[in-house]
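Novice: The task is simple: from the sequences and hints, build the whole structure.
All you need for the numbering used here is the position in the sequence shown, starting with 1, plus 3.
For the record, the hints were derived by calculation from the structure and aren't laboratory data.
Every residue gets a Cβ at the ideal spot worked out from N, C-alpha and C, and that includes glycine.
A few of these clues could be false.
[As the list claims (entries may be wrong)] Simulated restraints, written as ranges between beta carbons of each label pair:
1. 30 to 378: 34 to 42 Å
2. 8 to 392: 41 to 49 Å
3. 30 to 225: 47 to 55 Å
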Amino acid sequence: MSNADKPLGHHLAASADDLVRLQAVAGGRAAPDLVLANARVLSLHSREILERDIWLSGRHIAAVVPAGHPHPEAPREDLGGQFVAPTFIDTHLHIEYSLLTPGEFARCVVPRGTGCVLADPNCIGNVLGANAMDWAGQTGTPLKIFQQISSRIPRAPHLELGGATVTEEEQLSRLASSHAVTVGESTPFGFDERAARMYAQSLAEGRRNTGHTARVKDEMLWAYAASGISDDHNAFNTDEVLDRVRLGMMITVMSGSMNDNVPMVFADTAAVEGGYPFFSFCADDRHVDDLHRVGHIDHHVREAIRCGVPVLEAYAMASLNAASFYRLDHLIGSITPGRIADLQVIPVLEEAKPSRVMLDGQWAAQDGAALFANPDSIPESLYGSVHLPENFDAEAFRVPAKAGDGEVAVVRAMEMYDGYFKRAFEAELPVVDGDVVPDPAQDVAKIAVIDRHHGTDTRACGFVRGFDLGAGAIAGTTNCENQNLVVLGTNNADMAAAANALRELGGGYVAVKDGEVLASLPLPVAGIMSDLPWEEVLVQSDAVDAAAHALGSKLNSPFMILAFVGLAGVPDYGLTEKGLIDSYSMEFIPVVVCCRCPQHVHQIT
Numbered sequence: 004m005s006n007a008d009k010p011l012g013h014h015l016a017a018s019a020d021d022l023v024r025l026q027a028v029a030g031g032r033a034a035p036d037l038v039l040a041n042a043r044v045l046s047l048h049s050r051e052i053l054e055r056d057i058w059l060s061g062r063h064i065a066a067v068v069p070a071g072h073p074h075p076e077a078p079r080e081d082l083g084g085q086f087v088a089p090t091f092i093d094t095h096l097h098i099e100y101s102l103l104t105p106g107e108f109a110r111c112v113v114p115r116g117t118g119c120v121l122a123d124p125n126c127i128g129n130v131l132g133a134n135a136m137d138w139a140g141q142t143g144t145p146l147k148i149f150q151q152i153s154s155r156i157p158r159a160p161h162l163e164l165g166g167a168t169v170t171e172e173e174q175l176s177r178l179a180s181s182h183a184v185t186v187g188e189s190t191p192f193g194f195d196e197r198a199a200r201m202y203a204q205s206l207a208e209g210r211r212n213t214g215h216t217a218r219v220k221d222e223m224l225w226a227y228a229a230s231g232i233s234d235d236h237n238a239f240n241t242d243e244v245l246d247r248v249r250l251g252m253m254i255t256v257m258s259g260s261m262n263d264n265v266p267m268v269f270a271d272t273a274a275v276e277g278g279y280p281f282f283s284f285c286a287d288d289r290h291v292d293d294l295h296r297v298g299h300i301d302h303h304v305r306e307a308i309r310c311g312v313p314v315l316e317a318y319a320m321a322s323l324n325a326a327s328f329y330r331l332d333h334l335i336g337s338i339t340p341g342r343i344a345d346l347q348v349i350p351v352l353e354e355a356k357p358s359r360v361m362l363d364g365q366w367a368a369q370d371g372a373a374l375f376a377n378p379d380s381i382p383e384s385l386y387g388s389v390h391l392p393e394n395f396d397a398e399a400f401r402v403p404a405k406a407g408d409g410e411v412a413v414v415r416a417m418e419m420y421d422g423y424f425k426r427a428f429e430a431e432l433p434v435v436d437g438d439v440v441p442d443p444a445q446d447v448a449k450i451a452v453i454d455r456h457h458g459t460d461t462r463a464c465g466f467v468r469g470f471d472l473g474a475g476a477i478a479g480t481t482n483c484e485n486q487n488l489v490v491l492g493t494n495n496a497d498m499a500a501a502a503n504a505l506r507e508l509g510g511g512y513v514a515v516k517d518g519e520v521l522a523s524l525p526l527p528v529a530g531i532m533s534d535l536p537w538e539e540v541l542v543q544s545d546a547v548d549a550a551a552h553a554l555g556s557k558l559n560s561p562f563m564i565l566a567f568v569g570l571a572g573v574p575d576y577g578l579t580e581k582g583l584i585d586s587y588s589m590e591f592i593p594v595v596v597c598c599r600c601p602q603h604v605h606q607i608t
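Specialist: So, in structure tokens, the structure goes:
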């Protein structure tokens with residue numbers, strides 16, 4: 004049966020037969036399929052820890068009863084007094100930025116206690132369209148994926164060529180699916196009649212609308228909330244958190260590969276504790292190496308507790324709060340009768356390290372390893388998405404100086420470091436043979452975004468500070484949001500070599516020095532995901548990060564930061580294949596500002 008035009012979560016709902024059996028088991032008239040005995044259950048509705056036995060029927064919890072309560076003969080597992088909590092829910096995620104396919108992502112994170120993700124597949128949608136989004140929004144593994152239906156692809160057609168186009172009809176039809184939990188993130192700069200229609204349908208059908216409020220306040224924030232936005236994952240300090248909670252927004256506290264907002268959000272727990280029921284957790288964008296070493300939502304829980312959030316509140320943020328706000332709490336999010344048996348067994352709550360994970364009433368992970376294989380196939384249509392000119396040379400990356408610049412030019416540039424804000428500043432850079440060149444001494448590198456979808460050779464160059472490259476170039480085919488090729492370097496020749504290497508690779512990440520590839524990470528699936536097991540992708544990711552660090556970068560995740568140069572919806576600037584964009588006016592502005600003549604006055608416009 005199709006799940007189109009079905010209520011949210013319909014595909015997971017208990018059947019009438021399920022309910023009859025659940026009642027019989029809970030009432031002692033039928034034997035449980037399994038009893039989890041001697042558990043300390045996190046009762047998150049009451050914020051208590053209770054000594055209980057858990058009776059299971061099929062994939063559901065039938066009853067949570069006092070320890071030792073009699074029941075008909077049934078299989079029994081003694082948990083030895085370990086804690087039992089609901090599995091974690093990630094409330095805003097782009098699976099593609101893990102560099103893994105959905106099935107491999109599941110193998111990586113389920114052992115850490117993740118049972119459900121609310122995923123926006125706008126990365127693959129920007130490359131290959133609506134059908135590719137459908138593929139990325141499902142898996143045959145036990146992990147539950149609910150979709151945040153991407154709000155606009157391409158985001159700004161007048162500012163970018165983009166890759167694929169997803170029509171309004173395609174969006175609205177997918178929003179009616181039982182898998183659709185929200186409209187995907189939008190920005191305050193992109194509200195129009197089409198967005199209003201999509202938000203209105205979502206709200207009318209009982210769904211939420213995901214927000215993105217980076218650097219937004221006062222009238223712009225109030226207007227954004229009034230347009231139907233339900234949550235925000237960009238609040239990163241006490242004032243921003245309170246501003247948004249007071250507007251009725253859910254705070255989806257973000258910790259990804261670029262930045263960790265958890266310590267800043269909980270820097271003053273006394274100030275924000277009144278809003279705890281409206282806090283949940285999300286990773287947004289997290290590479291496989293950080294998933295493996297730092298964690299997924301388990302990291303949020305540990306960090307929140309370390310910051311002073313009460314243990315049960317932290318676990319509620321990671322499960323019940325999320326399920327309740329996104330209207331999934333009749334299915335998941337608590338250890339209560341009638342809910343799906345998605346639970347984790349945890350020896351020490353503060354460590355958030357499960358010894359076992361159960362999904363749909365079956366053990367799915369034990370001692371940090373998945374107990375399931377990845378059955379998902381990858382359609383051939385997802386390969387071969389990188390279309391570039393036959394060969395780049397150094398001339399392709401020239402930034403022509405203005406007449407009269409002489410030996411120095413002034414340029415508009417972006418400062419990027421751990422986090423995706425692109426802070427505007429002016430730089431004075433050398434001019435060599437009419438080309439404005441980067442200056443490693445100032446930590447100013449040249450950056451280019453190149454159309455890799457249509458083979459048009461459309462490209463634009465700019466300048467960035469924050470990567471600390473002393474030599475060479477790095478490049479990738481992940482670039483929020485349109486996923487074009489982005490290359491950053493200290494010289495035009497290495498930038499050309501990096502772009503050519505990515506064409507040969509068919510997508511991925513590379514680091515280059517003196518024309519030689521130091522390391523590469525192939526991403527053949529839409530140019531943004533690997534088709535290998537996550538353990539192998541981890542090794543490749545480590546190698547290419549190490550190569551970038553050898554070139555001088557001090558960033559924890561240089562390729563993730565690189566991927567956000569094109570996100571014009573986050574101030575101050577964005578660079579697409581068509582040029583440099585002012586995030587506030589959403590208009591193109593020139594990179595080269597002026598000559599360096601002291602008697603001249605030059606306005607930044």
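Novice: Confirm or reject each hint.
Specialist: Cross-check of the supplied hints:
no.: 1; hint: 30 to 378: 34 to 42 Å; in the structure: holds (37 Å)
no.: 2; hint: 8 to 392: 41 to 49 Å; in the structure: holds (44 Å)
no.: 3; hint: 30 to 225: 47 to 55 Å; in the structure: holds (51 Å)
Hint check: no violations occur; every hint is consistent with the structure.
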